[in-house]
Amino acid sequence: EAGVTQSPTHLIKTRGQQATLRCSPISGHTSVYWYQQALGLGLQFLLWYDEGEERNRGNFPPRFSGRQFPNYSSELNVNALELEDSALYLCAPSGTGGRYEQYFGPGTRLTVT
Amino acid sequence: GQQLNQSPQSMFIQEGEDVSMNCTSSSIFNTWLWYKQDPGEGPVLLIALYKAGELTSNGRLTAQFGITRKDSFLNISASIPSDVGIYFCAGSYTGGGADGLTFGKGTHLIIQP
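Those protein sequence lines, which keep their order, are chains A and B.
According to the working numbering, the first sequence holds residues 1 to 113 in order.
According to the working numbering, the second sequence holds residues 1 to 113 in order.
Pulled out of the complex, with its shape left as it was, chain B reads as follows (with noise of 0.2 Å):
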């Protein structure tokens, strides 16, 4: 099945850092979603992308689609103490949501005060 690997597994950064975290997939997407999960809740949608090269920015975060398909990132800009939780990438194959999302296994971002 589809592989989504996520990369770094964690992030140990100070408060104003700027934050940049990706995946990469061995098969081609067409849609990208990143979630931020906190401890005890479900993940929350951060950012949707539905075309390759798509550039989408939602407050501090940018996200973009890669060119290639394979590949998507995240960066948060001037970290602040919230944005502290584990950060998910997901992707669709089919683009019609008929085989659900395929995960990352997420990117643990702690900040350091």
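Looking at chain A on its own, in the form it has when it is part of the complex (with noise of 0.2 Å):
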């Protein structure tokens, strides 16, 4: 979707360090979803935001967090780095008022080495 933009496309780190990835969203939508899409995975939920506040998150240990900020934008930070840590993370924000279509951004590929 026009308008999700997602920074740094890409982030190679070594193992122990810690990423911050993050996402500017769509004007309007207040909710952002994280997702991890590994290879051979699939898409993996990780965290939704909304209002600033962390609503859910998926299966992943807490070394995962983010924060959303007051305009909607968000980051993901990723501490402790694992080699398995190595993905595609996206993420999608998404509209209120009963339609929860979720529109993602192009993704930050992180590579652990």
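Careful, some of the hints might be misleading.
[Claimed, not checked] Pulled a few chain A residues facing chain B out of the computed Cβ check, cut under 7 Å:
| id | residue |
| --- | --- |
| 1 | Leu43 |
| 2 | Trp48 |
| 3 | Phe104 |
| 4 | Pro106 |
| 5 | Gly107 |
Please keep in mind that the hints were generated in silico from the structure rather than gathered at the bench.
All residues carry an ideal CB built from backbone N, CA and C; glycine is no exception.
Assembly of the complex is requested from the two constituent chains, each provided in isolation within its own frame, with the hints serving as guidance.
Listed below in structure tokens is the structure:
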């Protein structure tokens, strides 16, 4: 969906480091979802933020965290990186009012070496 | 957790042919979405379905929300080269977005000239 941006496009880190990924939503979308797309595993739900609060998280350890800012942009932080964290991380802002389509950004490709 | 079985895993078809793919769930979903993902990009929303039995079209694409709420299918008529990509079904259990989306593993569509 035009307007959803993620940065950086690519990120290379070493095991044990921390990574910060950013997402800027479409205007008017107050919710944001984060997904991990690892090779062979499909898209897995990570986190859901709405109105600045973490509302739900998927089956991921606490070293995956994030936040949502007053302008509804969002960050995903991954601490103590492990090799298996290498994946495409996608944010998906979502509208409200009963329509739950999620519009994905282009993703950040995280490589952990 | 929720499981979505998407089939077929891949399809090799001739340009101009019609395509059909489907998803089944072990439990009820209240929202079904279909996405297409091209290499290096995030998934793009194709069709969203909110009611059991709903049949929705988007150009050459048609999708239906199964009556049992446990399945959905996507048809593509008269395929063209730009239809190549990976198609994902996705469902929301709560319908309110709180659980994120559960994704199928994708159908890889390959069109032979």
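Status of the hints after comparison with the structure:
For Leu43 of chain A, the shortest C-beta to C-beta distance to chain B is roughly 4 Å, which falls under 7 Å, so the interface hint holds. At a threshold of 7 Å, the smallest CB-CB gap from Trp48 of chain A to chain B is about 6 Å, leaving the interface hint in force. Hint on Phe104 of chain A holds. Least Cβ distance to chain B is approximately 3 Å, under the 7 Å limit. This hint holds: Pro106 of chain A has a C-beta 5 Å from the nearest C-beta of chain B, less than the 7 Å allowed.
For Gly107 of chain A, the shortest C-beta to C-beta distance to chain B is roughly 5 Å, which falls under 7 Å, so the interface hint holds.
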